[in-house]
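Peer 1: Sequence:
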Amino acid sequence: MPQMQPQQEWTPTRYAHNGDVQVAFDQLKGSEGEPLLLIMGLATARFWWPAGLCQAFADAGFAVARYDQRDAGQSTRMPDTATTNPFKALFAKRGDAYTSEDMTDDAIAVMDELGWERAHVFGHSLGGAIAQRIALRHPERVLSVTSSAALPSDVSGLGVLRYLRFGLLAKLARTKFPEGREGDIEAALTVWRGIASPGYPFDEAAARAWVEADVDSGPRDNKAQSRQIGAQWHGSRLKELRRPTLVLHGEQDPILRVSAGRATARAIDGARLVTYPGVGHDLPAVLWTDIARQVGDMAVRQLRSGGAGVIGQPLGE
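The opening residue of the sequence shown carries number 1 in UniProt numbering; numbering runs sequentially from there.
Hints are computed from structural coordinates only; laboratory data are not their basis.
Hints are not guaranteed to be accurate.
As the list claims (entries may be wrong) - Listed next, with one range per pair, are the computed distances between beta-carbon atoms: (1) T99 <-> L169: 17 to 25 Å; (2) Q252 <-> R174: 21 to 29 Å; (3) P79 <-> R272: 36 to 44 Å.
Given the structure is predicted, the values throughout are model-derived calculations rather than measurements.
Cβ coordinates follow ideal geometry from the N, Cα and C atoms, glycine included.
Turn these sequences into a full structure, and let the hints steer you where they fit.
Peer 2: And the structure:
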């Protein structure tokens, strides 16, 4: 649920490079401590991260950075592929644009540009699956994983069906919007209304201000969703993830059943599952302090168990 956002300053947009792909990122000014990399979901820019949640992370002792995955925001848009329907790309196991391994390597490129040897990774929706996969492909670079409103990273094709709720997805797939900026804004607002937490009021004015920042970050690209969702994973099974893991899921998520979060936590040894009543596929303001505390507590436990990191002053006090 979007809420009025605090005034914040982010560093100017910078770019990391993974081959020919430019990955846009920035860092919250004044945030210091344990490195925390934020990964947003399917074809959405980094500006979808709630400013209040980012500030809560900073207050908890994290240095906060966020980036646009390839095919989103200000990062490189990839060439069109034969599969342009996201459902076909998902269920047919076709991904001829790039792999999910490529997407994890984009995150590592950002960390390299930031000078972060290791970081905590927090991903929401598709970003949650990418966070899991970063820890599987690059375990030496990851301190902990938070997977929010996400599928288990090793489920694919028809196996996704057991976790999906199709009502909202089918409605969004049928809805057409006019070309141009206002059409893009209305499309994004429709998504926001659909994924919003039913247990909390929806702030239309705040949502519009938030969406406008996203829309202005890059061109509308309806095929980007298919390219991202079709990126196949060829790496390790989720049960091989060996980093401290927190799994978050809304109990009224209209896209992914809470069983997706349960399956993710069950597959990872020692993972902690937290579900939130009344919460949809978003990150409502009422949760921000608790989420930051949960991630901070996991980071403290990780450090005390022998993990190395850069200890920020507030973290672990």
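Peer 1: Could you see if the CB distance from T99 to L169 stays within 17 to 25 Å?
Peer 2: Hint holds: Cβ distance 24 Å, inside 17 to 25 Å.
Peer 1: Okay, P79 versus R272 on CB: inside 36 to 44 Å?
Peer 2: With Cβ atoms ~40 Å apart, the hint holds.
Peer 1: Take the C-beta atom of Q252 and the C-beta atom of R174, compute their distance, and say whether it sits inside 21 to 29 Å.
Peer 2: 22 Å, holds
In summary, the structure agrees with every hint in the numbered list given earlier.
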